[in-house]
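Protein sequence lines, in the order shown, are assigned to chains C and G.
First residue of the first sequence: 1, per the numbering used here; consecutive thereafter.
First residue of the second sequence: 1, per the numbering used here; consecutive thereafter.
There's no promise every hint is true.
Per the computed footprint, the stretches of chain G lying under chain C, defined by three or more beta-carbons under 8 Å from a beta-carbon of chain C, are [said to hold, decoys possible]:
#1 166-173
#2 186-194
If you want a taste of the chain G side facing chain C, the calculated C-beta under 10 Å gives, among others [to be verified]:
#3 Thr4
#4 Lys6
#5 Ile8
#6 Pro54
#7 Ala176
#8 Ser179
#9 Gly180
#10 Asn181
#11 Glu183
Not everything, but these chain G residues come out facing chain C in the computed CB check (under 7 Å) [stated by the list, open to error]:
#12 Arg116
#13 Leu178
#14 Ser182
FYI, nobody ran anything at the bench for these hints, they're computed from the structure.
Owing to the predicted nature of the structure, the values given are computational and were not obtained by experimental measurement.
Ideal placement from N, C-alpha and C gives every residue a C-beta, glycine not left out.
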Amino acid sequence: MSDVFDKPLLDAQSLHKHFPVGKAPGPFARAPNTWFGRADRPVPKLHAVDDVTFTLAKGETLGLVGESGCGKSTLVRLLTRLLDLTDGSIRLDGAEIGHLPARGFGSSSYRPRIQMVFQDAGDSLNPRFTAFAAIADPIRRLKPLPREQLWARVEALATMCGLPLELLGRFPHQLSGGQKARVGIARAIAVEPDLLILDEPTAALDVSVQVVILQLLNDLKTRLGMSYLFVSHDLNVVRLLCDRVMVMYLGKIVESGPAEEVFRNPSHPYTRALLSAIPHFMPGQAAPRLRIAGEPRSPIDPSPKVCRFYGRCPQARVACEQSMPLLQGVGQEHSADHSVACHFPITANAAREVA
Amino acid sequence: MKATWKHIRYVLGENPVTLFAFALFGFILLCAIFGPWLAPYDPLTTNAAQSLKPPSARHWFGTDALGRDIFSRVLVATRLDLGIAFASVILTFAIGALAGIAAGFFGGWVDRLVGRLADTIMAFPLFVLAMGIVAALGNSVGNIVLATAIINTPLYARVARAEANIRRNAGFVEAARLSGNSEVRILLLQILPNILPILMVQCSLTMGYAILNAAGLSFIGLGIAPPTPEWGILVAEGAALMISGEWWVALFPGLALMTAVFCFNLLGDGLRDIVDPRRRT
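Full structure from sequences and hints, please.
Structure (structure tokens):
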């Protein structure tokens with residue numbers, strides 16, 4: 001697969017996003033155990049995204065999975081340039097966009113090229129805007145068209161997304177969940193982005209509607225030649241739709257590789273635990289449950305030497321507390337780009353032994 | 001446009017109290033516009049022979065100590081009182097709502113500045129502050145409007161700030177950023193329309209306060225100077241005569257004042273229903 005996508009559309013290199021937690025010491029703060037020593041304690045930092053590197057090829061669908069609070073949404077906001085990077089570089093088609101301030105990115109010529117479908121379609125539509133106004137807004141701002149053409153374009157988009165034209169005059173509260181999702185998708189593809197980021201696009205929908213929306217998304221991708229970054233909790237959907245998948249844990253990518261490969265031979269203990277949590281219909285088929293106990297480590301000023309999964313990992317050893325494992329390939333002939341950040345990756349054979 | 005009319009008719013038809021409030025408001029507005037032509041007597045012409053006559057067919061509301069027709073004076077005063085109230089509410093709305101949504105949306109130092117200014121104004125007894133402003137700047141209609149606007153601004157700023165703050169991280173704001181809207185555009189075109197219904201109710205309520213405040217200033221002699229007819233002055237003129245039994249001099253201007261305030265308070269709910277599209281079904 002990888003040789004098809006020779007030139008990456010999106011190239012993210014060691015992205016960092018740290019949020020300061022609490023306040024900087026005030027003007028009269030005193031260093032501990034001194035009378036006059038000025039406090040120079042640095043502000044604690046929450047490492048929401050920590051050294052994330054990946055590429056996304058043209059036409060590819062990349063899945064991003066991980067538990068809530070692992071930094072998925074922050075990563076997505078960095079990539080859509082809604083948030084400023086602490087450090088790192090984002091290249092879109094070879095052009096550096098990571099250093100452009102998020103505040104001014106709206107007027108950048110790159111803005112139409114990265115768009116996003118939001119998790120909660122209801123919340124992402126302005127209650128005072130009709131469906132037409134919502135879909136037309138990005139066109140008006142980013143790729144202005146004369147009035148008649150704007151109408152035609154919005155109607156074409158609505159048709160493409162399966163939204164009945166008579167609903168275009170309605171406000172969000174007059175639309176159903178699935179219809180709102182369609183408006184959100186139509187708005188996102190209105191300016192013909194190269195990269196569409198889907199932030200759990202079906203999480204707020206009921207199951208019957210989910211399938212239809214996923215089919216629509218898959219269909220649009222081939223018709224419009226977009227690349228997808230698909231963020232989801234639903235591992236089965238990721239397996240079905242994605243070419244490659246990344247697993248994120250506490251701000252770091254712990255495993256990435258072709259979807260089939262990762263799902264068949266999960267090498268990181270966290271990935272294995274995630275996959276073993278997928279419910280199976282047939283009682284005998286389920287892989288043995290791999291429960292992870294305990295709480296995640298604190299993301300505030302984490303030690304750079306300890307594996308992020310240490311403390312919850314069922315197979316942690318001394319080495320895991322002494323150096324941070326880096327992403328490296330798990331050398332198998334068919335999976336050159338399957339990599340994992342673990343000192344003791346589970347090989348296919350070992351996995352079978354455990355099972 | 002047609003849909004809007006349909007919607008207004010629907011809201012009014014659905015709610016008789018709102019219909020009544022709007023009818024009353026229309027009536028007050030007509031009095032304000034056509035008062036000077038409708039008044040049967042000149043509100044300033046004195047007539048010593050007719051002083052302190054009780055209400056009768058010739059003088060519906062009676063006459064005051066100088067023999068002026070109270071009905072004409074109350075009617076003519078409507079324009080001035082309503083004008084002061086409207087002007088001050090518009091001014092308050094412009095300053096308070098904009099400062100408030102900017103504070104709620106941008107946060108940081110804008111928020112702190114607006115918040116502390118609002119706290120400072122709220123720390124004064126508001127009517128005393130209004131008195132102080134008018135006393136310092138001088139007795140003019142412009143200064144009464146300004147004083148009334150200033151004391152009402154914190155109310156708007158607080159409401160607008162709270163409402164903008166809960167929407168600053170809403171999905172539709174992020175979506176608007178993705179669509180290439182600038183921050184100011186988002187503030188004015190995405191957030192403001194959502195807060196407008198709430199501010200409309202506030203507007204209608206402060207309209208009542210504004211009328212009372214303007215009348216109150218005039219009542220204590222800091223507002224409009226006599227002999228200009230103004231509800232506050234009319235009540236003040238009548239107040240001293242209450243004891244001696246000439247009740248009509250203070251009662252009718254007082255009733256006019258009360259009706260106007262009552263009308264604006266009723267209007268609030270109806271206005272919200274009209275402005276809020278979520279009520280459109």
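Here is what the structure says about each hint:
1. 166-173: holds (count 3)
2. 186-194: Since three or more residues must qualify, the claim that chain C covers the region 186-194 of chain G holds, with 3 doing so at under 8 Å.
3. Thr4: violated, 13 Å
4. Lys6: Hint violated; lysine 6 of chain G Cβ to chain C Cβ min 13 Å, cut 10 Å.
5. Ile8: violated, 17 Å
6. Pro54: Because about 55 Å separates proline 54 of chain G from the closest Cβ in chain C, which is outside the 10 Å limit, the hint is violated.
7. Ala176: holds, 7 Å
8. Ser179: holds, 4 Å
9. Gly180: Check passed: Cβ of glycine 180 of chain G comes within 4 Å of chain C, closer than 10 Å.
10. Asn181: Where the cut-off is 10 Å and the nearest Cβ of chain C is about 6 Å from asparagine 181 of chain G, the hint holds.
11. Glu183: Since the shortest Cβ distance to chain C is 7 Å, the answer is holds.
12. Arg116: Status violated, d = 18 Å.
13. Leu178: Result: holds, 6 Å to nearest chain C Cβ.
14. Ser182: holds, 6 Å
Violated hints, listed in ascending order, are 3, 4, 5, 6 and 12; each of the other numbered hints is respected by the structure.
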